[in-house]
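Listed below, chain by chain, are the residues.
2 protein chains.
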Amino acid sequence: MTSVSIPSRPVDRLVQLKNHLSTMTQKQHKLCMIPGPVEFHEDVLEAMSTPATSHVDPNFIPVFGEVIEMTRKVVLSQAAQPIILSGSGTLGWDQMCNVIEEGDEVIVTNTGYFGDRFGECLETYGAHVTAIRVPVGHRVTVEKVKEAFESIKKPVKMITMTHVDTSTGVLGDVKGIAAYVRQHSPETLIVIDAVCAVASEELRFDEWDIDVVISATQKALGAPPGLSVVVASQRAIKVYENRKTPVRNYYSNWGKWLPIMAAYEARKPAYFATPAVQLIYAFHVSLSQILAYGIENRFAAHREASVQFRMALAHLGLKPVAVDETCAANGMTAVWYPEGVDAKLVAQMAGQGVQIAGGLLQPHAPNYFRIGHMGLSVCDPNRKHIKKVIDVLTASLSQLGYKA
Amino acid sequence: MTSVSIPSRPVDRLVQLKNHLSTMTQKQHKLCMIPGPVEFHEDVLEAMSTPATSHVDPNFIPVFGEVIEMTRKVVLSQAAQPIILSGSGTLGWDQMCNVIEEGDEVIVTNTGYFGDRFGECLETYGAHVTAIRVPVGHRVTVEKVKEAFESIKKPVKMITMTHVDTSTGVLGDVKGIAAYVRQHSPETLIVIDAVCAVASEELRFDEWDIDVVISATQKALGAPPGLSVVVASQRAIKVYENRKTPVRNYYSNWGKWLPIMAAYEARKPAYFATPAVQLIYAFHVSLSQILAYGIENRFAAHREASVQFRMALAHLGLKPVAVDETCAANGMTAVWYPEGVDAKLVAQMAGQGVQIAGGLLQPHAPNYFRIGHMGLSVCDPNRKHIKKVIDVLTASLSQLGYKA
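Quick note, the sequences are listed as chains F and S, same order. If you read the first sequence in UniProt numbering, its first letter stands for residue 1, the second for the next number, and so on. If you read the second sequence in UniProt numbering, its first letter stands for residue 1, the second for the next number, and so on.
Covered by chain S, per the in silico footprint, the following chain F stretches (three or more residues, Cβ under 8 Å):
#, stretch
1, 28-34
2, 44-54
3, 114-128
4, 247-258
5, 270-279
6, 352-362
Rather than coming from a laboratory, the hints here were simulated on the basis of the structure. A quick note: this is a predicted structure, and the numbers were derived from the prediction, not measured. Beta carbons: idealized from backbone N, C-alpha and C, even for Gly.
Work out the full structure, taking the sequences as your base and the hints as a guide.
Next up, the structure:
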């Protein structure tokens, strides 16, 4: 045997590193009230530190299988296909490469930053995008969608909606537009970017006859960021299966992933790429909590919290970006800074232990802020997160010289 | 305010769920000695449960910035560009879409399953792939690479090597082939799939003049799965910048990510897609541990562990898949089942608390097993992981009727 000089574990240095990291993180934890990542339940965080487990371990396979089944239940579907990958929410847009072919007509209903980006993603995969734009704070109406369909002389392959645009807090009319599209153009795929909506906004996959829901774990789904969560209808999967040209993407290719999802759901081992085992465990906990609470109760709780939140804003004389209640998200609110207040508000609140987010949609970004009210912060009122964010907002505005 | 009926937190049901999950996981934890995910340090797991933190929180930005800097150090580079994304190791292959254009000639040196798949990925993005295949257990020689270059009458855009093919445990001759390629065809990009090699196998990015290293967190890098870790040379980035056709991929597009990596390294907020915050914290801990231990010490420790492991195999009369020591990985070993023993060995060892992996490369998969010996299990000998896996292997073989 060769003999080499290997130092023993450098304990002192590691302790020092650990203290360094603690200073950077846990000790300075602020209540995270941005529109995702949201605050996570202790049990979810505990599952994040599950020891190393093989991705084909007989203990892990049923956990992933149950995650697939519970995801289907959360979007209120019986037979749609969840596809849960290691990646961010953005990777869900990418997966539309499976149903888009060169020259396909797509209507993108656009209510902010995320509509712009989704359209750009679809163009990468060959789509010809017709964007429906509305003034900031407004939603896209069925009437506008009708006009778009009439203006396009070819079959429309897909229409996309941002259920809640995280950049503006505008709630799309998914139910109304889906009903129109299904009647007017039954073959058009109805694709919902619901990253900031699943498990907080009313969304009925089967009843509304949706084709794809795109989400991610770190918002109302209540687990840390790192999983792309897509649910596809059998109609969407048929479109993928009948495509004429190869999928222009490797990692997002459903041909690779559908057999893997089927295998885990059948409680059998399978491998294409290593799943994020610990995140799957954490997601299992949060999905279990969501289903134990009840989906209809989730919708109701978020509706109530958003009413409470907007009442507090009105009391402070603040104006949401969403122009009226019908187009206001229930899981987050974007708010215009009042006269004399600017992005200093975010730092002011952070200094008092509450993290909110600045604006995101240019050129308006410097003029508004965003607060998340979803998931744990809404469903466990004992934690008083909503009260705290309102109290700190009130105090911070006052400290910055604003008078309601 | 609307009044809705929301149940209080259903505590009993949640406790029940938690016990259910514990039964499925922690209580049945087996020592994870597959070739990744590997066993994780307690401090790494603790960082996984960092509470919710904004991806642009002033506390998080320097953590991500340091992760980028430490990743560069781990591959022994001064100026290469790390790109750390939410995704699996496979997503690193996908990122080659940034430098490949339709019709580009690529040589894929193939020593197992992962070479096949990498080639398939590159073809998706338009590459014309020339695969160099060798019998199972053998490495690709410089001579074979020379022949491939001679057979291709056009400039070769890229050559790929699997540093350690996780399916066979064969260690590629990265140093030798890179030296030949750089001299013979200086513009050819040298791309190393080092998912199962970074921080366990000798790899010198700058000294060997490598262009891309592709890795992932769950092997010798010592953090749970869920991050794609790519390091690109300035030469590779120039090739991306000077490409003539658009990148055929949205999520993996370096145009989106390079500004984000630059921002985090400059300790400034930036956003394209939400990073996997908790995984970044965990990766920070494992990178800190790796650098504290020392890269050269890591190489030496893995060399020593592999010698020890192969000696134990020889003692048992078992034969590694890698045909000789020069092509045997230091972080894992694939081993032929001896006469009379088959895949039952994996279950037999699992029953005694040690998880190993079966074969992966068809048609040989039913005829061999794989054991990981990397990261924590090698660098902290006090844990006696290597001794345990050898002891349980010995006992299990005996229980299955095998006599050395």
